[in-house]
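S.K.: Listed here are the chains, written in short residue letters.
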Amino acid sequence: MSGRQVIVVGGGLGGLWATLVIAGGGHRVMLFSLFEMMRSHSVCAQGGINAVLDMQGQHDSVEQHILDTLKGGGWLANQPPVKSMCESAPGLIRTFERMGVTFSRTPEGLLDQRLFGGVKKKRTCFAGASTGQQLMHGVDQQVRRLEAEGRVDKHEWWELLSLVKDADGVCRGIVAMDLRSLEVRAFRADAVVLATGGLGQLYTPQTTCSTNSTGAAASRAYQQGARFANAELFQFHPTAMIGEDKTRLMSEAARGEGGRVWVPKDPTDRREPNRIPEAERWHFLEEWYPAYGNTVPRDIASRAIWKICRELGHGVGGGDRVYLDLTHLDRAFVETRLGAILSIYRKFAGTDPLGAPMEIFPAAHYAMGGLWVDFEHDPATGGVKPDSPRNHATSLPGLYACGECDYAYHGANRLGANSLLSASYSGRVAGEAVLSHLAGIERGAEALADAPFAAEVARQQSINDELMANRGGENPYRLHAALGALMTSRVGVVRDNAELDAALAEIAELEQRAAHMDLTESTPWANQTLAYARQVQDMIRLARVMTASARARDECRGAHYKPAFELPLPASKAASSATAGGNADPAWEAYMARWQANNERWLKTTVAEHTPDGPRIDFEPVDLSVLAPDQPRDYR
Amino acid sequence: MTSIAGADRPALRGDGSADGARDTDPSSGSAADTQRAHSRSVELQIRRQDAPDAAPYWQRFRIATRPGDNVVSVLRALRADPITADGERVDPVAFEHNCMEEVCGACAMLIDGSPRPACSALLKDLGAVIRLEPLPKFPVVRDLMVDRARLFAALKRTRAWVRLDGHWDNHERAPRISQRQWAADYLYSRCMSCGICLAACPQFPDAAGRPADDSAGFVGPAALGQVRLLNAHPLGRYDKAERLHAIMADGGLTDCGNAQNCVRVCPKEIPLTTAIGELGRQTTVQAVKDFFGV
Ligand SMILES: Cc1cc2nc3c(=O)[nH]c(=O)nc-3n(C[C@H](O)[C@H](O)[C@H](O)COP(=O)(O)OP(=O)(O)OC[C@H]3O[C@@H](n4cnc5c(N)ncnc54)[C@H](O)[C@@H]3O)c2cc1C
Ligand code: SF4
Ligand code: FES
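So the protein sequences, as listed, match chains A and B. The first sequence begins at 1 in the working numbering and counts up one residue at a time. The second sequence begins at 1001 in the working numbering and counts up one residue at a time.
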């Protein structure tokens, strides 16, 4: 078969979409994953995927989706990519539908949609409460078909260790390790796409993410020169189950479908929740944010719960927990629309969420930041230029990134159900960009000299050998637990510069310790500790980037909350027309002036670059060409 | 005296009986330990195997547990401190897991002789001694890790996909599907490729002597469920005949011995025998069509 050779690393939604496009374009794809594709974290997504179909009689519009996404993200996202993503969303849903995805239906047999956070329209398509798994079935089957036709060559149980660059610094392949035989081998390619997912494991075990969402692959690309953007912008999901091994997510769909968050009005009230009368319950989200109520954006809900429990000491039983209540809703309705999460709660908490309220608390969930990627603005449409080879290109030539490991669409806070969308859409756009990139390549990677590949294999092999031989006494599992505890306590929902400085010092210490690990096993076959130890080292390095970026941003924006720099909203709610110029209220006028001055200073993308002395943090302007940011976020 | 393993868990002394928590090492007194004081210790008996062709052997571990623990969480804890009940330091036990919420299918294994996901096997529902073995029928990679390539090979054999013109948008509105049909179809889309139904199926051939991605022998219930699902889809229907022919061939539907184990063990409660029944009718019709050449 003619065509060029491309490597896609990652078999979640992003990677599978990129694979479909590139193999569909006539090129050979080697698809790498740590395990079978269907075990990727994407299968965990529950609530749904956003697309404006306007089939609920609510006059929804693509413009509104763009505005909600930009504003929900604290205006920090580059706007042309967001515009194009929102415009493409309905078409993506239709394509998923053709693949056989079992989207939930209305009585007329049309696609049903539900409400999610940070918006007022029902815009979220869903497949019960297992949407991610269903979307994955769709693309996984399509990729399997290409595999059966010999157009995709899967490398499951292989882990990317590093990139290989040619003499000009262009990425021309990867070095990966067979997780069974531990063989370290180089693979050549004319383009490499990373779709390696999120990094919630930096907060272990207080995270909703799978154990494979380590960010290690992105960290490796960063250490080899790819820039990392907005690392400090990390989302804490407000409603995760309490758990010592993992804090399992209870989807935002629970609130979208009518679930209510509350605590007893009397913090010393120890009655069973069902025995507490309505009048003695404090629905604090509804009280503080009457306009959006329980479906405020996630950063706001998480901080509100944090405030209730940590500042006001008003959590249930005085602890870190509040109620998420579905018991007032129609059983059959909830069962069909949220069945998958109900069963998770029943299985893991041992109680029925339809019988008594669930107990929840915020947990680490989603990285808005990620590998910096480019785009080409299309003046004709105001969106991104279709097929431009610049779209989703990282700062390393030849290397592309898509899915949660890039930073492109969510600014400072992601709206619920927007990331299955961005993972799919970015996979498709990255795939199209790669097709254009390949058209410009003169000499295929197969013709390159062997030296850089052999050198990189030797370098990676020596890291393995050293780890296998090391008897330094540090245990990788304990180091990871220490990292998680540190990040959760010092780089969490609420941030403070003194704490961040302390965190940086602790991370430096962890990095030192991680250089002296003892794997406690030296088996040459399927040695899981070896792979894990390497991931832990790279997670610690990524944590440093995240913390340094958080230290650098002295303001509050979206999920990044430093109370010392907060601009409190005026007590009165702005008239809905309140914008920069048109507000008579002097308190608002003063606020708007400060808000805009703050934007002048801080409405910028944080960009981290690797140096031997640690991350160098810089800022670059945000493309605001679609909608001038003139509305502060006020969800009251 | 036996030593007890577990990451950052208090070392327990004594016999580790169900209420062995009273033996919690008094030297550690953090807040978290107060909670652990209500916990107990369990004995894990694990069937280990160092490599695919190595001989299996058993090891026992005693481990302190915490409330809410499941088999995956204790295996994770054990990794940091793999010391057997006889006090011997050994290699960590290899096993698979990702989601820890029963949706990725990775963690399936035999627990006290039954195939099930380990992450949703809560310790409070298990005894003081828990026996763990790799999922049967599949080749062992190492310890509790198996190679389930055959499961995915079956999806290829049965052509479990819709044939799209391409990944692009064709601007056509999604086909209408009644809520009733959706509800019936959705059940099959919950399959998480865990392989538990195959492990339990007496007709699904054992791995011994077969390649990991073997494409002969009974395709097994999981793939049949997907054929049922795709045959019902408005576009998937176009290739129904091909899929039916695939399951009318050797190793197809007629290999099902109707033991009905699959439907009993599937953790996602997928009505696999209903699917097999429906496909039986579909293949009968297909055979008639084939006979008359329509
Ligand atoms: C519990 C939960 C629920 C969610 N629900 C929703 C929702 O309802 N709606 C929504 O829009 N979003 C949701 N999200 C977010 C969304 O699921 C993710 O952002 C998205 O699935 C990420 O997809 P991805 O393709 O980027 O990565 P993943 O699906 O994480 O895939 C990563 C892939 O990379 C591979 N990989 C990683 N490292 C390496 C390496 N070194 N070498 C080789 N391969 C590697 C892995 O094997 C895997 O195949 C949810 C997230 C969580 C945690
Ligand atoms: S049908 Fe059920 S048991 Fe079989 S692989 Fe799917 S989820 Fe597992
Ligand atoms: S770890 Fe995913 S199913 Fe158990």
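Worth double-checking, as some hints may not be accurate.
What the hints assert, rightly or not - Pairs of lysine to any residue, SDA-like flavour, derived with a Cα cap of 25 Å: (1) A:Lys121 <-> B:Gly1113; (2) A:Lys347 <-> B:Arg1176; (3) B:Lys1156 <-> A:Gly109; (4) A:Lys347 <-> B:Ala1055; (5) A:Lys154 <-> B:Gly1113; (6) B:Lys1124 <-> A:Gly150; (7) A:Lys347 <-> B:Leu1122; (8) B:Lys1240 <-> A:Gly317; (9) A:Lys347 <-> B:Ala1051; (10) B:Lys1124 <-> A:Gly350; (11) A:Lys122 <-> B:Ile1130; (12) A:Lys154 <-> B:Glu1172; (13) B:Lys1156 <-> A:Glu156; (14) A:Lys121 <-> B:Val1129; (15) A:Lys154 <-> B:Pro1139; (16) A:Lys122 <-> B:His1171; (17) A:Lys347 <-> B:Asp1165; (18) A:Lys120 <-> A:Thr336; (19) B:Lys1156 <-> A:Gly339; (20) B:Lys1156 <-> A:Gly150; (21) A:Lys347 <-> B:Trp1168; (22) B:Lys1124 <-> A:Leu342; (23) B:Lys1156 <-> A:Lys347; (24) A:Lys154 <-> B:Arg1157; (25) A:Lys154 <-> B:Asp1214; (26) B:Lys1240 <-> A:Gly109; (27) A:Lys154 <-> B:Asp1125; (28) A:Lys347 <-> B:Leu1110; (29) A:Lys347 <-> B:Asp1214; (30) A:Lys347 <-> B:Val1129; (31) B:Lys1124 <-> A:Gly339; (32) B:Lys1156 <-> A:Lys120; (33) A:Lys121 <-> B:Gln1179; (34) A:Lys347 <-> B:Asp1169; (35) A:Lys121 <-> B:Asp1169; (36) A:Lys122 <-> B:Gly1277; (37) A:Lys154 <-> B:Ala1207; (38) A:Lys122 <-> B:Gly1113.
None of these hints come from the bench; they were simulated from the model.
S.K.: Decide, hint by hint, whether the structure agrees.
M.R.: Structure-based check of all given hints:
With a C-alpha separation of about 50 Å, the suggested pairing of A:Lys121 with B:Gly1113 is violated against the 25 Å cut-off. At most 25 Å may separate the alpha-carbon atoms for a hinted pair to count; A:Lys347 and B:Arg1176 exceed this at roughly 34 Å. Of the pairs offered as hints, the one joining B:Lys1156 and A:Gly109 is violated, with about 30 Å between alpha carbons and a cut-off of 25 Å exceeded. Simply put, A:Lys347 and B:Ala1055 have alpha-carbon atoms about 35 Å apart, too far for the 25 Å limit, and the pair is violated.
Distance hint between A:Lys154 and B:Gly1113 is unfulfilled; the C-alpha atoms sit about 33 Å from each other, more than 25 Å. Simply put, B:Lys1124 and A:Gly150 have alpha-carbon atoms about 48 Å apart, too far for the 25 Å limit, and the pair is violated. Taking the CA atoms of A:Lys347 and B:Leu1122, the gap is near 8 Å; set against the 25 Å cutoff, the hint holds. Between the alpha carbons of B:Lys1240 and A:Gly317 the distance comes to roughly 57 Å, so the proposed pair goes past 25 Å and is violated.
Among the hinted pairs, A:Lys347 with B:Ala1051 is inconsistent with the structure: their alpha-carbon atoms are about 33 Å apart, more than 25 Å. Of the pairs offered as hints, the one joining B:Lys1124 and A:Gly350 holds, with about 10 Å between alpha carbons and a cut-off of 25 Å not exceeded. Taking the CA atoms of A:Lys122 and B:Ile1130, the gap is about 47 Å. The hint is violated against a cut of 25 Å. The straight-line distance between the Cα atoms of A:Lys154 and B:Glu1172 is roughly 32 Å, outside the 25 Å bound, and the hint therefore fails.
With a C-alpha separation of about 16 Å, the suggested pair B:Lys1156 and A:Glu156 falls inside the 25 Å cut-off, and the hint holds. This hinted pair does not check out: A:Lys121 and B:Val1129 have alpha carbons roughly 53 Å apart, beyond 25 Å. As the CA atoms of A:Lys154 and B:Pro1139 are separated by approximately 19 Å, the hinted pair is consistent with the 25 Å bound. With a CA separation close to 21 Å, the supplied pair A:Lys122 and B:His1171 stays within the 25 Å bound.
For the suggested pair A:Lys347 and B:Asp1165, the alpha carbons sit about 41 Å apart, so the restraint of at most 25 Å is broken. The straight-line distance between the Cα atoms of A:Lys120 and A:Thr336 is roughly 23 Å, inside the 25 Å bound, and the hint therefore holds. With a C-alpha separation of about 30 Å, the suggested pairing of B:Lys1156 with A:Gly339 is violated against the 25 Å cut-off. Restraint check for B:Lys1156 and A:Gly150: satisfied, since their Cα atoms lie roughly 12 Å apart, inside the 25 Å limit.
For the hint pairing A:Lys347 with B:Trp1168, the CA-to-CA distance comes to about 39 Å; that exceeds 25 Å, so the pair is violated. Of the supplied pair hints, the one linking B:Lys1124 and A:Leu342 holds, its CA atoms being roughly 20 Å apart against a limit of 25 Å. Restraint check: the Cα-Cα separation between B:Lys1156 and A:Lys347 comes to about 33 Å, which exceeds 25 Å; the hinted pair is violated. A distance of roughly 17 Å separates the Cα atoms of A:Lys154 and B:Arg1157; the hinted pair therefore holds under the 25 Å criterion.
At roughly 16 Å between alpha-carbon atoms, A:Lys154 and B:Asp1214 fall within 25 Å of each other, so this suggested pair holds. Straight-line distance between C-alpha atoms of B:Lys1240 and A:Gly109 comes to about 22 Å, which keeps the hinted pair within the 25 Å bound. Restraint check for A:Lys154 and B:Asp1125: the C-alpha separation of about 39 Å exceeds 25 Å, so the hint is violated. A threshold of 25 Å between alpha carbons decides the hint, and for A:Lys347 with B:Leu1110 the separation of about 19 Å falls inside it, so the pair holds.
For the hint pairing A:Lys347 with B:Asp1214, the CA-to-CA distance comes to about 34 Å; that exceeds 25 Å, so the pair is violated. For a cut-off of 25 Å, the pair hint linking A:Lys347 to B:Val1129 stands: about 21 Å separates their Cα positions. The hinted pair formed by B:Lys1124 and A:Gly339 meets the criterion: a straight-line CA distance of about 24 Å does not exceed 25 Å. For the hint pairing B:Lys1156 with A:Lys120, the CA-to-CA distance comes to about 43 Å; that exceeds 25 Å, so the pair is violated.
Distance hint between A:Lys121 and B:Gln1179 is fulfilled; the C-alpha atoms sit about 22 Å from each other, no more than 25 Å. Between A:Lys347 and B:Asp1169 the CA atoms are separated by roughly 39 Å; this puts the pair beyond 25 Å, and the hint is violated. Between A:Lys121 and B:Asp1169 the CA atoms are separated by roughly 24 Å; this keeps the pair inside 25 Å, and the hint holds. The straight-line distance between the Cα atoms of A:Lys122 and B:Gly1277 is roughly 39 Å, outside the 25 Å bound, and the hint therefore fails.
For a cut-off of 25 Å, the pair hint linking A:Lys154 to B:Ala1207 stands: about 22 Å separates their Cα positions. At most 25 Å may separate the alpha-carbon atoms for a hinted pair to count; A:Lys122 and B:Gly1113 exceed this at roughly 47 Å.
Of the hints listed earlier, those the structure fails to meet are numbers 1, 2, 3, 4, 5, 6, 8, 9, 11, 12, 14, 17, 19, 21, 23, 27, 29, 32, 34, 36 and 38, in rising order.
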